[in-house]
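Visitor: Quick mapping for you: the protein sequence lines, in order, are chains A and B.
The letter at position 148 of the first sequence is residue 148 when you use full-length UniProt numbering, and the numbering goes up by one with no holes.
The letter at position 86 of the second sequence is residue 86 when you use full-length UniProt numbering, and the numbering goes up by one with no holes.
One or more of the hints may lead you astray.
When chains are identical, the list treats them as one kind, so a pair holds in a single copy or across two.
Stated by the list, open to error - Taking lysine-lysine pairs in the BS3-like style, the calculated list, with each CA pair at most 30 Å apart, reads: (1) K19 <-> K298; (2) K23 <-> K298; (3) K372 <-> K298; (4) K357 <-> K298; (5) K120 <-> K19; (6) K23 <-> K120.
Treat the hints as calculated values from the structure; they're not laboratory data.
There are 2 protein chains.
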Amino acid sequence: MTVTAPQGFRASGVAAGLKPSGKPDVALVVNDGPSDVAAAVFTTNRCKANPVLWSEQVMADRRAKAVVLNSGGANCYTGPTGFQTTHASAELVAQRLGFGAIDVVVCSTGLIGEELDRDKLTAGIEKAVTELSTRGGAAAAEAIMTTDTRSKQTVREGDGYTIGGMAKGAGMLAPALATMLVVVTTDAAIDSETADRALRAATRVTFDRLDSDGCMSTNDTVLLMCSGASGKTPDADEFTALLTEVCHDLAQQLLGDAEGSEHDIAIQVVNAATEDDALAVGRAIARSNLFKTAVYGKDPNWGRILAAVGTTEAAFEPSELDVAFNGVWICRGGAPGEPRDAVDLSGREVTVTVDLKAGQQSATIWTNDLTKAYVHENSAYST
Amino acid sequence: MTVTAPQGFRASGVAAGLKPSGKPDVALVVNDGPSDVAAAVFTTNRCKANPVLWSEQVMADRRAKAVVLNSGGANCYTGPTGFQTTHASAELVAQRLGFGAIDVVVCSTGLIGEELDRDKLTAGIEKAVTELSTRGGAAAAEAIMTTDTRSKQTVREGDGYTIGGMAKGAGMLAPALATMLVVVTTDAAIDSETADRALRAATRVTFDRLDSDGCMSTNDTVLLMCSGASGKTPDADEFTALLTEVCHDLAQQLLGDAEGSEHDIAIQVVNAATEDDALAVGRAIARSNLFKTAVYGKDPNWGRILAAVGTTEAAFEPSELDVAFNGVWICRGGAPGEPRDAVDLSGREVTVTVDLKAGQQSATIWTNDLTKAYVHENSAYST
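Working from the sequences, and respecting the hints, build out all of it.
Guide: Below is the structure:
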């Protein structure tokens, strides 16, 4: 079950020939209402792709009736021609479905810096419109995949309403959003203010804390569309909590499918003076190639962790730092603690805990190891 | 020719058994004066190794009569016992040579988080003292190697004086110093103020702009010792220029021997509003794993460069950015320019030029590609 699990949504996924492989590459998700409330967060990269430049305008009024997504080309750094292609996609969807282009969000993913074939995309959108279905969510999720090895979908049931979601992303997974496209739908009846607040709260502790390879994308979009078709208006906090669950689930699916990765690493920073300190320390560790290669080599190299912690301005005393791998405190007081060979890193899940002993705040950043397969995948193919 | 090229210096390099391989691992460089002026810059990492904590105290008066260096163990994050080992090394050198421990700089490199064998180190120092020679520079340079595949040495002749240098470093090469130990000697007769200013000016545009793998070390030390034995006092600017040449030469040797690297990449950022902007953009690109893997794959992927530029707060307009690989402007105005296949990345040297079109400042950052061999070297062995 996926974006068509909630009432009021139709979706489709078709092959338009944008991908050389001939696999599905155009997806459409339509909100049939009665509400068209929506919320979105976009990449904070200043060099944004054309679909992001367009969709930011669409979302200015916090309303959207449809989102059209393509893989097989990011339409990024393609200049005015590329922007026209994005605009033409929105126009076409709007025309066929009987509303305005300014209600159509556009997302693209794939190669950066190459033009998207407008004719193929147009033909694909025509086909996607004819195949719209209340059971089309899985097809849509498949059509947005790039280097993903599997499609990412989830659904959660609230009290009288449903939230469904799909995501794509495997590389360029970094802070303040990964190279990800995420569409979340709900039939809850909520206002745009509530939707916006809930989405920002949910992404802040999920997608924003995923830092697979430190590379911030140009196309990231997380879109929430609310049909109101259930007639149910949940409590805002309850809705936010359920939405956070959905985002967490999708974020973990992205983590688990990161390019070439062999380990999913949760970096828990505890007893920080502030949450910002905890995040800064977590991100510094997540971006240390030496730490990430050590985990790939199943080596609980806490020295590389302290070296990364030491690059931050967080509050801590170097001689008081404790570090655990999977619960074994192999560094105590900035020096060797329990024996390193008590740590087993053979499983996919690794938890690193860093105790700053400087306060009561904590945060977790999720990352992956750095493997030969990551290097291979990102050197042998343009993305 | 190396640190013993200038008059007034003796050096040695011996095998103390700290390295399992049995290769040389203890080096000693002694300044026989008449002057004992010295200057040093250390890692800015807040989690510093014991020898750095010690040597910062030694350098408080900007004087030093000797430096003892060991490979085969970084003596980092080894607590009070480790600090005592560092202190004992300085005491021993001082005792044997007839001055105070507070005039002896100590440097260590190798594994982090493991204790250094004090008995072996002590025996090695005793041996190093007996082997001191005015022709011992090459032996000293060899004894500080870790994963280096070759020793790094250089010498430059000034007008009546000489500057010699040696360096080690192959990984953890990052900003505000790399995992490097550098000893530079000169027989110029200069005061401590001039020495300090010259060393800071030289490192600012050489070692500080080397960002091989984004990982800041815990042991970095760049030491300048001045014997004054030539009796010549050069003009401060002229001395700084020659010292900068020495540091640049050593920095390029470090770059060329970076772990597993296949390309040396110069990232030139031009027409920036400020030098800080140029540096921020250069560093952001140098730390993009996606950019670095692309160069490894000989792919002039300018899209990944723009994605990195977009993460900075430098002044620029995304739609005005130009990017060249080896002089071919394949990105013009944030969109495709010259054909990508006009770029040849088969050689080791790669120059990336980013034109921000926002001012008159520029800066160059040097980095390496990210290769399978880097991952292998840093996952298969603890360092």
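Visitor: Indicate, hint by hint, whether the structure satisfies it.
Guide: Structure-based check of all given hints:
1. K19 <-> K298: between (36 Å within a copy, 23 Å between copies)
2. K23 <-> K298: between (36 Å within a copy, 27 Å between copies)
3. K372 <-> K298: both (14 Å within a copy, 17 Å between copies)
4. K357 <-> K298: within (27 Å within a copy, 46 Å between copies)
5. K120 <-> K19: The answer is within: 10 Å in one copy meets 30 Å, while 62 Å across copies does not.
6. K23 <-> K120: Only inside one copy: K23 and K120 sit 13 Å apart there, 64 Å across copies, limit 30 Å.
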